[in-house]
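Asker: Chains as they are written, first to last, in my numbering: chain A, 1 to 329; chain B, 1 to 603; chain C, 1 to 141; chain D, 1 to 363; chain E, 1 to 576.
Because the hints were derived from the structure by calculation, they are not lab data. All residues carry an ideal CB built from backbone N, CA and C; glycine is no exception. One should not assume that every hint holds.
Quick look at which bits of chain C chain E covers, simulated, 3 or more residues with Cβ under 8 Å [said to hold, decoys possible]: (1) 11 to 18; (2) 23 to 30; (3) 40 to 49; (4) 55 to 68; (5) 75 to 88; (6) 101 to 113.
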Amino acid sequence: MEKEKPKLNLAVYWGAACGGCCVSVLDVHEKLFDVVANANLVFWPIALDTKYSDVEAMPDGFIDVTLYNGAIRNSENEHIAKLLRQKTKVMVAYGSCAHLGGIPGLANFHTGKEIFERVYVSSESTVNKEKIYPQTSYKIPEGELTLPEFYNDVRTLGQVVDVDYYLPGCPPQTERLLEVFMAIVKKEELPPNGSVIGATDKGQCDECPRKRSDNKKIKQFKRPVEVIDDGETCFLEQGLICMGPATRCGCGYRCIEGNSPCRGCYGPPPGSPDPGSKMMSAIGTMVGSDDPEEIAKIVEQIEDPAGTFYRFSLPAAILRRKLIETTVS
Amino acid sequence: MRKAVKTGIYFSHPVGSQAHTINYRELYKYIKNVPVVTKIWDSTVNPISDEEYFTGEITSKSINRIIIAGYLPGYLKSIFSRFLKKAGEEAENISLVELYEHPLPDVPSTEIAKSKLICAIYDVPYEAAILAEMNPSQSETLVIGGGIAGIQAALDIANSHNKVYLVEKTGTIGGHMAMFDKTFPTLDCAACILTPKMVEVSNHPFIELMTYSEIKKISGIPGNYSVNILQKARRVNVNTCTGCGTCAEKCPGTSKSEFDAGTTMRKAIYMPFPQAVPNKYLIDADSCRYVQNGKCGVCVKNCPVENCINLDEKDKEVEVQVGNIVVATGFKTFNASRMEQYGYGKYPNVLTSLELERLVNAAGPTGGKISFRTQDKKGNWVFTAEGPEPKSVAIIHCVGSRDENYNKYCSRVCCMYSLKLAHLIKEKLPDAEIFEHYIDMRAFGKGYEEFYDRILHEGIHIIRGKTAKIEEHQDKLLLRTEDIEHNRILEQEVEMVILSVGLEPNNETGDLASILGIGLSANGWLQEANSLSNTTETSSGGIFIAGTCQGPKDIPDSVVQASAAASGVIQSIMLKKTEQSMKNISLSTIESKARELSLINGE
Amino acid sequence: MTFEPTIVSFLCNWCSYTGADLAGTSRIPYSPNLRTIRIMCSGRIEPTFVMKAFREGADGVLMCGCHPGDCHYHEGNYKCLRRYHLLQKYIVQMGIEKERMRLEWISASEGKQFAALADEFTETIKKLGPSKIKKVMETLT
Amino acid sequence: MNRVDPKFKDKLKPYGISDWNECFHCGNCTAICSHSEDSLLMPRNGIRAIQLGLKDKIHNNVDPWLCYYCGDCSEECPRNANPGELMMALRRYLTTVYDWTGVSRIFYTSRTVMIAAFLIVAAAVVGIGAMYSFQLEPIMEFGHLFEKIAIISVAAFILLPNIIRMFRLTLIKQKIKVPLSTLLSGIADLVINMFTQKKTLDCKENRVRWFEHFILVLGYLLLLATTVFLNWFGTDNIYIIIFGYVVGAITFIVTFDFIIRRIRKKAEISKFSHLSDWMFVVWLFLMGLSTFLIRVFIDIGIIQDHLWLYLVHLIILAQWAVIIVPFGKWMHFLYRSFAIYIAEMKKKALSLKQQNQVTTITA
Amino acid sequence: MEEIRIGVYICWCGSNIAQLIDVKFIAGEIKKLENVIISRDYKYMCSDPGQETLIADIKQNKLNRIVVAACSPRIHEPTFRKALEKAGLNPYMFQMANIREQDSWVHIDKEYATLKAVALVKAAVSRVKHHEPLNKKSVEVNSATMVIGGGITGLTSALEIAQAGKQVYLIEKSDSLGGITAKIDLTYPDLKSAGQMIRPKISQVQNHNLIEVFLNTILEDISGYVGNFSTKVRRNGTSEEITFGNIIVATGLKPFSPVTIPEYKYKVLPDVITSIELEKMLQDGTVKTSDGSKPDNIAIIHCVGSRNEQYHPYCSRTCCSTALKYANQLRSLLPDAHLFDIYADMRAYGKGCEEFYTNTSNKNIMFLMYDQKNGLPEIRKANSSDNAGMIITFSEKLSGENIEVPVDLVILMTAVEAHEDAKEVARLTGISLCGNDFYIEKHPKLDPVATTTDGVYIAGTCQGPKGIDESIVQAKAAAAKVLSMIAMGSIEIEVAVSHVNEEVCCGCQTCIMVCPYKAISFDEEKNVSVVNEALCKGCGTCGSTCPTGAIKSLHFTDIQILSQIEGLLKTESETI
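Given these sequences and hints, build the entire structure.
Answerer: Now the structure itself:
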């Protein structure tokens, strides 16, 4: 009989995220047993009651693998990211938000102040005549109450700490998580640090079952509701913006299978210097006209290019945020 | 089948000395009995004034084709067209035979006149009839002259992977173009575009470069010429010289620098210019003290390379075998001192354009500064960077060109290079007044007019009127010109005058022509085979001409001509055949060939 | 000290770069703010380069290609034009003044026009003032 | 607006040059001419006027008279257009323009008429000789009388009206107003120029020629005076006799030199000789020689036996007086000096006008 | 990975660069950069000794990247690449910074010029770090040649090549050969017969067994690359495909139509005709006015549509001598007519042309000069008293007078324009046009018949106005280039091509759509795009279009350009 392998120490943390990633971990269902068989869950706020002080108490490198999901939005996210990094051997940015900023990253179109103003003052369901905003600290007789600082910008995990692997997806496919986990457990040869795992290097088209040709001249950009999809032709050739060619495989083309164009959560294939620019370039090139005025008209139909091409990746882009005067101190 | 051809031949005689070079009686006798010749007229009747006579003759003799032969036959072509048309014949049925211009120097004119006429009578192009024979050819080619035309021709031929001997009389290739500062109209610097080509020549595996060499003798037949080349003693070993220049530093002998157009001095041991190819030194025997007096040898002592300099080296002669020859010997500039009224050689600040080219050149004697000519310690008039700058400069066009007293022809490049020089002066001396005196502004090439237009807006005074005389007047030069456009006499005081000298055939052109057996045209340029349709071939088989040795031309035109000459050579190499020289083709051969090729039928 | 903008220009090898060279050979002076990157065809210009230039501190980006119909590679310039429109929309979204980015056609013979364009564009950027992108990106919290 | 007249230049053929087109207007000739200045762009302007057939411009202009034919312009002309000779031809033409009788035009344009005229004059002299039965004394008396009458009538009926015509064409018709005082002040110069031709000295390397010409004019005029007013043939005054010999000798020796030069064609000025030029020098030479010989014959006492000599002399004299002087080249002598005068007047009038303009502006 | 060792060379270009830019300062600044082993300044880098220095440095210091800051890379990039090769380094491990044409020649302020130069050199340094060795490839050359245009130039080129024993396809759009030359009566300055010269050439071409003449033919498409072109030609409604190795373009000229010049009233007054219309009259031997009478006064007006910003700024080169030719022909045909030649500058520049001008001057022709800056001559209908059909008025430059010329017939020396097909042919062959629609040569002086597209040559008037003799010379020059290439048998092709990373390419096929040369095809089996390197010309459009980033435009890769941008912007706040 083999000597029982020592179990891995596993942590899962949730930064600026919707919680979907944690759910995706739960989605391993019965395979959780396989996980538990091989790992001790030492820190997972959604499931376990481990205190930050407990983590702080762990020796450095105590955690073998941390799955960090969510972007860095506030000082708490940053603090824990750094803390976990210190305690972890293999830091995995888990999911789009940790990977590229994800949906929270879209907040980079605004300043922190703007967001507060909207959330705490101007939103239709709010009554806050005194314009009271959350403070990082508040003195009460009992002492001082603190809240994490809300940052002006959203960052990816990689922009705050060194990340060993990126596991993309919004959320990542559970199968991918398992594969990765089992690989670590089995001490298979791991890809070099900084790699994206749980996804292939090719674009979605590689797996996409739809029919493609080289005829991608687009005269009109349409929204899905404006198209009667034949279920067979490439979305792009139907005038729908599909991020497929610029998005890694690994998701199992589920959106496409659901007759919805790819939105790009898996991020770009390797070698792209920017997550959205390549696709923007490709889409621009596809505009089916040589007449400047017509081109402008066609392009006008793309309502929100930045939001379209950087839906999951704005903080990871070359231009990581919108330039707003007040952001400059 | 065409209807029977009836030919009337009209002879237009020239007036003057040329008239007697052809024996017309013999000519008439020769063609009289050719069946298709119906009528011969000579100059006793004049088609310009005797219209009725001619139309009558043509109608009554049912003449349906006219040959006009003699001097400038084209002058009468339209008239005969009218006659033919009036007689109900095809107006186009006219052949012109120029009897007084041909590229063959040694053959009696009457013989050529006969062969040209017989071809015309049989309606066969002369060029086709004299193509009777071809010699087998070898693939090596000799290119004479290492200027831009020679370089281009050599490269084009060598690029087809055939061996080229490039013979240059001076110590480096590059020719005049290397001396220029900028080239019009794009103003790119001549050295920048030329030096890479020069380097390409020196590195080309198919080019054997022979500088400081001259053609002594050429024998053999087209396709198989044997050429004797005199390799003058460089006295410096090209293979070991590093071009370090220590020798020249110490050399006591001096002479005017050829490359700097005499504006500065060089040593007896010298590198023609910094980018020279080969980039090696050589010794000029005329200024070398050792060669002249047998005493010196300073260079040998100072040379860091052993046995590199051999002051006793002798000229040697080598022989090469080639199939074809391209002549690109270029030009020399007009000797401006011949026009005494301009005082060149008398007044130090009257310069030729070539001297100014060197002066404005950053690599020139003054590092690009335009300064006055001053006397150095030894009394030589030279330019130095220390000299003061002129405040006013006049440029005179057409010096020695378009002038019955000197050269009748237009030198073609002077207008443009003068404009260019004016621009360069303006650039260097923005406050100087610059005047250009021209007769007709010949800005004819691609982009030239646009360049002229640009110069017009640069504040340069462009004056129509030829300067008549220059006098020195208290350190200044006094010019007298009629400003035709403004109806006045200009008496200008300027500090410097540039003479835009014309182009003349190089000194060797005449000798070379006789060595090669090719002709010279009226002004001493090499005579092409046909001024219209074939300006690169000559009367000698396998001998081509390119560049300014055929007549003045600018750089692009020279380069194109060089490539065109190369085309003939490559063609010959590919076919392994070279055309026979015209003079070696007998009249009877031409006649039978013409008859054979002829499609016309007589009565 | 007056603000001297830094402008990155992308010039296609056959027309615009040649035109810029012509401005040089013709010695037509223009403002020294342009720093050129030569590419073979304006069709090679992609949004990434423009973003990168802004990110690294360029105050303006100029793209030049052959005139429509003159492209050495047939229609690379049209491709550039199409991307340009989309890119323009994008940079406006990102809060960058659209005047900071220009696409112009300069032919090989338009040295004069190139110089004039350089001067005019520099003036435009000077009026806009320095770009704050680099600073913002570097001070991200 | 001037209309070009391509036919005009054909009218000038008889005056010496048949092709006026070689000039391509480089302006070298005008620039080299030492007389040319902003107000006198000579000779190119004249050539241009001929080429375009701008008749009025030629008629109104005295420029050709201001040329002394040094030949520099022709020597360095890049197209061998010979501007110097063109100027000469213009002077011949202008002679006919000024001539109210129209006779000189006939002589220039028809060689036949001219030869006929010479023959008629010769015949008339022989006829007169016959009238006097070929007696020396009366014929000589007649000759003497003829000289006086000829001088007066040519002066009165030809020279004076022609000069007036010249004035009209070049000054009056062009509405150039010259104050009388200015007109008068120029007369001294006019006379000096007439007799000295000093302007020739402005031409380069022309001193010898000027001097020759000067003493010829002097010799000729003095010979005229000696024979006509001092009655050289009839006088016994030894001083007058010797003086006559000197001036007579000057006349034929200098003209002989001129003839030789015209034959040799070395200098530019002697290269082209129109018939009128030949006549002028040959007749002057013959006149000087025959006058000289007659006095020699008188002095050695053989004139009685050689009446033919006097007849020949008279023929020459008559031809000279009625043909060459009024209708030939002789008039150049007069026109040239008046041209200088007119040019000077024009210039002064112009500067006066400018002055007035300036003052009006400043006022 | 080997260590990056960069050598940087700052050229003075004599004083061209050094007079404005502090070359020593740059060399010093650059020396401070990482990986820069050597940083020198030198008087003439392009000279032999300059190149020798470079080669010696590479060998001695084991340099593996070279940056030269000098003139435009369009001039000397090949020179230095050769030098690298000589030193045993891959020629693509090289980058040039243009501090002459785009710096020292266009700026005035020394400090800014130097700062800009530093930036440009830094950019080159940071770019060259990412350079990769590229290897030359060669392809066989098809020995056949296509000649486009059947005028004198096309005919000459075709004959020149066919006579060397090589196949030629001669494409002509119209139904006959000879072009404009066939419409010309005589040539200048020797008054030779153009017809007599060109007719035998036409029959030679038609009868040559190595020349296939395509009349009434248009080009539908040209594909391929130097040495291996193919085209679809359509003749009489049917398409056929031909293959060949080189192309000579000789599309020729078109005469300018003077209808647009109001002063000349062409097509308004019937006796104002163009030079080509006169040629026809001369060929027939009868010159007459519209009413059939003999003209007494004929004027020839030069520079019609030339040398005028409003029409064409350029000089049409041939008109002056052609006008002199007409003067001669008219003189012989109408000995008594008055001929007026109204010119601007008499550009009789060719061999024998000045003499021709002199001789023509002696033929009783009135030469009148005008200057376009004083307005064009104006032609109007004459009054009955004028004794002529029309009057031309203008300011005559040589007399300084405003003059009137009475005329019965006016000949307009019309400008030469590029042929209307030139644009289409340029598009098909990839030739660039200059502002005036003439073709741009590879180098105006040193490579006047080559174009920027390898294997495509230009000759004759499509490059710019020229005479028949000059066109013939150009035709031969173009033939020489083609023959050279045929003789070599193979040719090195573009190496900076596009490359598809099959690991990344997902087969979206966007690149196939954008490739102008159809150089990319789709591999169904592998589901990836494939680049045909011989067809690829390296424009990089696919590289910037590929959404996955799978396509790398060699020598213009993303990382190279991005590093260059980074380098460019590094110098921000430094001053001298």
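Asker: Of the numbered hints stated earlier in the document, which are not met by this structure?
Answerer: Every hint satisfied by this model.
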